[in-house]
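Enquirer: Now for the letters of each chain:
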Amino acid sequence: MGRGSVLIGFENIISFFTDDRVLESVIATLVIMGIAIPSEIFLGLLLAVLVDKPIRGMKFFRTIFSFPFFATPAAVAFLSVTIFYEQGGPINSLLSFLGLDPIRWLSSPDWARVSVALVDIWQWTPFCFLIFLAGLQSIPQDLYEAAWLETKSKWQVFWKITFPLITPVFAVVLILRLMEAMKIFDVPAVMTKGGPGNVTEVFPMLIYRTGLKYFNLGYASAMGFILLIVEIPLLMWIIKRLRAIFD
Amino acid sequence: MRVTLTEKIITYIILGIMTLIVIFPFYWAFINSIKTPKDIFGNKWIPFLQFDPTLQNWKEELSIESNLMALKNSLIVASLTTLFSLALGTMVAFALSFFRYKGFFKNVDIYIFFLTQRILPPSVVLIPIFVMMKTLHLLDSVWALILVYTAFNVPLVIVIMREMFKSIPVEVIEAATVDGASWKQSLLRIVIPLSAPGLISVALIVFAFAWNELLFALSLTYMKAKTMTVVIAGAQHTRGTEFWYIGVRSLLVMTIPVIISIFAQRYLVKGLTLGALK
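Residue numbers (the working numbering), protein chains in the order written: chain H, 1 to 247; chain G, 1001 to 1278.
Just so you know, the hints here were simulated from the structure itself, not pulled from any lab data.
As the structure is a prediction and not an experimental result, all values here were calculated from the model.
Hints may contain errors.
Negatives, chain H to chain G, calculated, CB over 10 Å [what the hints assert, rightly or not]: (1) Ile8; (2) Ser15; (3) Arg21; (4) Leu100; (5) Leu136; (6) Gly224; (7) Ile238.
Incomplete in silico selection of chain G near chain H, CB under 7 Å [unchecked claim]: (8) Ala1029; (9) Met1069; (10) Asn1212.
Think of the CB as a built atom: it goes at the ideal place given N, C-alpha and C, for glycine as much as any other residue.
Can you build the whole structure from these sequences, using the hints too?
Expert: Quick look at the structure:
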């Protein structure tokens, strides 16, 4: 930028592929997402299937379950520092009450990633749950009735009716979660500050730090650009779907 | 398929456990915020019974100048973002619903063009936007945040408002036009009043999103335009793990969006899925 700028060709792009820090942050992002997203989708679907019954108070629970993804992620992460507190924090207190060893939630490199994923699961499982539930409740009741008369087995009804009909919802939830997961920043930035070491320094955080902490703007832009390239298939899929659904 | 009593009980147990897990952090923040430092440890869960609650922490936190300024900034940024995204988004949704665009960019293309703003990961455009704001001398100004957040939230407004407008028959607009109403009048007098519930719902969602944002707030502000999320993100550096302050501060930030969520239920799923779910 400004007077000092020189065109350096592909240097930033080349150094991207040889930079250990990039590799580490890609791994951190993939590990955290790999723990969080499958858990959220699995738990969300499981809970939605179990709960999809005409029962009273559903409106109340829906409201409660939308709290986590409205709660400021930065604040939740900030609060998690005390929740995962290793000496006398609530989770470790519960573990010792159950006679288990305390876990080094934030200071052990392996557990720190799990902690970040757990906060993510807390925030997003209710979201997956609500979408699956909306999907399940749009299935006409007579389909169930017919299948029930035919098979007399709830298990069969689930696999033959519910599951095929919920598949499109499943795809949408997965894509939305992947899309949202690419934005992961707040929780590791506030709760673990990328640490211990660099184990929770996710990719968006690396871009932020490279650009705005070390002021290597060119390199950080290159990182952003590469992230965009990597995401194109995902973006194409969602754009195709949105286009198809327009009207 | 009848719902048996056992199934009902299991359902309620699952919902109950989930509710506890969801509520726990809020409760934890609350009880910590009213504890004195000496009461923090030792599994004290019930105020009055197990410890004497105090408002001291709240008083202290709310007397810190920079906290109040950050709260004010958060309020300004979130309100103006809501205002601008609603104004722009409603007009786009109106145009997409009632006008037909011909040529290379048809209605659906324009729609997708706007929606990509939300699909794109913000970190991709972080550095370019930073440079842009620097050139415009908008760094550390609430306007930088308002501009960025408006761009990111307009898609949400478009999705939800278009959904609302779909239920308004084109004939109503045509009739109004025949009676001599301009499209501005149809928008303000007919379309907007008819879609008020959607408008309120999306306003609340946008407000909450703008209030919660961290990445751009952290990148584009550093002193006088800091929002509350930035204060929170920087807090640990200067203070150790002081549970009581963490309790107060996280509640200061979280309470507003969580209360908002209670009233924003109606079009929530539609908005968050960008309408990708029929």
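Enquirer: Against each hint, give a clear statement of whether it holds in the structure.
Expert: Do the hints match the structure? See the list:
1. For isoleucine 8 (chain H), the condition that its CB be more than 10 Å from all CB atoms of chain G holds, with the nearest at approximately 16 Å.
2. With a closest Cβ-Cβ approach of about 16 Å to chain G, serine 15 (chain H) is found to remain outside the 10 Å limit, as its non-interface label requires.
3. Distance check for arginine 21 (chain H) against chain G: the nearest CB is about 15 Å away, which clears 10 Å, and the non-interface claim stands.
4. Its beta-carbon lying about 16 Å from the closest one in chain G, leucine 100 (chain H) satisfies the requirement of being farther than 10 Å from that chain.
5. No Cβ of chain G approaches the Cβ of leucine 136 (chain H) within 10 Å, the least distance being about 12 Å, so the stated non-interface status holds.
6. Under the 10 Å C-beta cut-off, the non-interface status given to glycine 224 (chain H) relative to chain G is violated; the minimum distance is some 4 Å.
7. The beta carbon of isoleucine 238 (chain H) sits about 6 Å from the closest Cβ of chain G, which is not more than 10 Å, so the claim that it is off the interface is violated.
8. For alanine 1029 (chain G), the interface hint holds, since its Cβ comes within 7 Å of a Cβ in chain H; the closest pair sits about 5 Å apart.
9. Violation of the interface hint for methionine 1069 (chain G) is found here, the shortest Cβ-Cβ separation to chain H being roughly 17 Å, above the 7 Å cut-off.
10. Proximity of asparagine 1212 (chain G) to chain H holds as hinted, the smallest CB-CB distance being about 4 Å (cut-off 7 Å).
Violated hints for the displayed structure, listed by number in ascending order: 6, 7, 9.
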